[in-house]
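Asks: What follows is each chain in one-letter form.
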Amino acid sequence: MPSLKQIRRRIASVQSTQQITRAMKMVAAARLRRAQENIVKARPYSLKLRQVIRDLAARTDRSLHPLLDMRPARSVGIVVVTGDRGLCGSFNTNIVRQAQRIMQEEGQSELFLITVGRKGTEFFTRRDARILSSLSNFFNELNFGHAMKLGEIIIGRYEQHGMDRVYLVYNEFKSAVQQYVICEQLLPIVPDEFEVGESRSDFIYEPSVSQILNAILPRYVNVQLWRVLLESYAAEMGARMTAMENATENAAELIDTLTLHYNKARQAAITKELLEVVSGAEGLK
Amino acid sequence: MARSYKLEVITPEGRVYDSEVIHLRAPGLEGDFGILAEHAPIMAALRIGKLHVDESDNSFDFAVSGGYLEGHENQIVLLAETCERKEAIDVERAGRARDRALKRLEEAEGTDMERARAALMRALNRLRVAES
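For the protein sequence lines, the chains are A and B, in the order given.
The first sequence runs 1 to 285 under the numbering used here.
The second sequence runs 1 to 132 under the numbering used here.
Okay, chain A solo, but in the shape it has when bound (with noise of 0.2 Å):
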């Protein structure tokens, strides 16, 4: 049975650890309302882009523009999305085990990975894996910037054929309390997400279909890898929050426990020096 003062130890170190963890979720809550309003406001550009490209594809020698050209995949680039920091549950291994499996599928080819965030990064370095480009310690002031540079290094490598097939794995954000992996294909642009739109002939094409099509493409690019780091973003502060008030819950619990033994224990004492004390006077009679 460890001593009063032990136990009383025990409690403050619990309470100072659920102090942390409190705030922890709080600061993660605050956050992810900030990404959130963010994926709200990237969705009018995105969509807009999205339907001018839809409308342009459909007139031209897809074979024309790499960033649609399909060409066999003899290198392939895997984009790992993970977080800077941990204790959010299984967020960052979960991104990391995924690409794993990719890796293993794609093992004929030549692979290449792409990390972001510092996790990932640690991860594929202590494994020496073959890390192309790696961006990390930057989703505290994510902004649009981070996501032009990105795209610069990727399309950059992609036009030179360094990279055949692009591949994204980053966690969706689904709701605060859900996160889903996913893995989709970045480059060559998928061209069934094109549908055929309606013609729009009488449009004044400045300069030429082909030029302004080239001028988009890589900004649909960026915008994409835009749109998965808010996500995942979002996602690693829901997935701590959860991590967090779950933590805040069991700190406690274990502190009920441990006051139950403390009084327990500082009841035990008291009778005890009682029963010393009557029977010292029992004795003296």
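Rather than coming from a laboratory, the hints here were simulated on the basis of the structure.
This one's a predicted model, so the numbers in the text were calculated from it and none came from an experiment.
Check each hint, because a few of them may be wrong.
[As the list claims (entries may be wrong)] Taking CB as the label site, the calculated pair distances span: (1) B:Leu124 / A:Ser175: 40 to 48 Å; (2) B:Ser132 / A:Lys41: 23 to 31 Å; (3) A:Gln211 / B:Ala88: 24 to 32 Å; (4) B:Ser19 / A:Gln108: 50 to 58 Å; (5) A:Ile131 / B:Leu124: 46 to 54 Å; (6) B:Glu55 / A:Arg34: 39 to 47 Å; (7) B:Ser132 / A:Gln178: 48 to 56 Å; (8) B:Gly34 / A:Gln108: 51 to 59 Å; (9) A:Pro207 / B:Ala88: 29 to 37 Å; (10) A:Arg97 / B:Ser132: 29 to 37 Å; (11) B:Met113 / A:Ser175: 42 to 50 Å; (12) B:Glu114 / A:Arg54: 44 to 52 Å; (13) B:Glu30 / A:Lys41: 29 to 37 Å.
Glycine included, C-beta positions come from ideal geometry on N, C-alpha and C.
Start from chain A and add chain B according to the hints.
Replies: Frame of chain A, contents of chain B only:
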């Protein structure tokens, strides 16, 4: 009284402009062009440059990092990755970006070169618009 039309400027980080305008001058891929009310339907790709907008009693300049413009029936939508009003440009930051890009241009090769060049163009454009 000149006739007006509706202009919306949308970026991935939200809608940055939404108002009735009389005239705009946009940096097209092959040269600047202007749009007045009742323009024929148009789709245009934009380069990095300055967007000038005239409202009935006011006018604004924006630094645009390239993009796309579409207009029909007196509704113009402009999509750009970044679009900042002249007054909102952080000159110091753009200056730092320019210096960084110049340094990278000296050292880099291949894709890095392309990226550095694009970054340099964006920084110079911001500075140019801010000083105009």
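Asks: Do the Cβ positions of proline 207 of chain A and alanine 88 of chain B conform to the proposed distance bound of 29 to 37 Å?
Replies: holds (30 Å)
Asks: Does the Cβ-Cβ separation between serine 132 of chain B and lysine 41 of chain A fall within 23 to 31 Å?
Replies: Between serine 132 of chain B and lysine 41 of chain A, where Cβ atoms are some 29 Å apart, the hint holds.
Asks: Holds or violated: 46 to 54 Å for the Cβ distance of isoleucine 131 of chain A and leucine 124 of chain B?
Replies: The hint (46 to 54 Å, Cβ to Cβ) is violated, given that isoleucine 131 of chain A and leucine 124 of chain B are roughly 32 Å apart.
Asks: Is it true that glycine 34 of chain B and glutamine 108 of chain A lie within 51 to 59 Å of each other by Cβ?
Replies: Given a distance of about 55 Å, which is inside 51 to 59 Å, the answer is holds.
Asks: Hint says 39 to 47 Å; check whether the CB-CB distance for glutamate 55 of chain B and arginine 34 of chain A agrees.
Replies: violated (32 Å)
Asks: Using the beta carbons of glutamate 114 of chain B and arginine 54 of chain A, state whether their distance is inside 44 to 52 Å or not.
Replies: violated (28 Å)
Asks: How does the Cβ-Cβ distance of serine 19 of chain B and glutamine 108 of chain A compare with 50 to 58 Å: does it lie in that range?
Replies: At roughly 56 Å between Cβ atoms, glutamine 108 of chain A and serine 19 of chain B fall inside 50 to 58 Å, so the hint holds.
Asks: Is the hinted range of 24 to 32 Å satisfied by the C-beta distance from glutamine 211 of chain A to alanine 88 of chain B?
Replies: holds (30 Å)
Asks: Given the hint of 29 to 37 Å, is the C-beta distance from glutamate 30 of chain B to lysine 41 of chain A inside that range or not?
Replies: Since glutamate 30 of chain B and lysine 41 of chain A have Cβ atoms about 32 Å apart, the given range 29 to 37 Å holds.
Asks: Tell me if the beta carbons of serine 132 of chain B and glutamine 178 of chain A are separated by a distance inside 48 to 56 Å.
Replies: holds (50 Å)
Asks: Does 42 to 50 Å hold as the CB distance between methionine 113 of chain B and serine 175 of chain A, or does it fail?
Replies: holds (44 Å)
Asks: If I claimed the Cβ atoms of leucine 124 of chain B and serine 175 of chain A lie 40 to 48 Å apart, would that claim hold in this structure?
Replies: Given a distance of about 44 Å, which is inside 40 to 48 Å, the answer is holds.
In this structure, the hints that do not hold are numbers 5, 6, 10, 12, in rising order.
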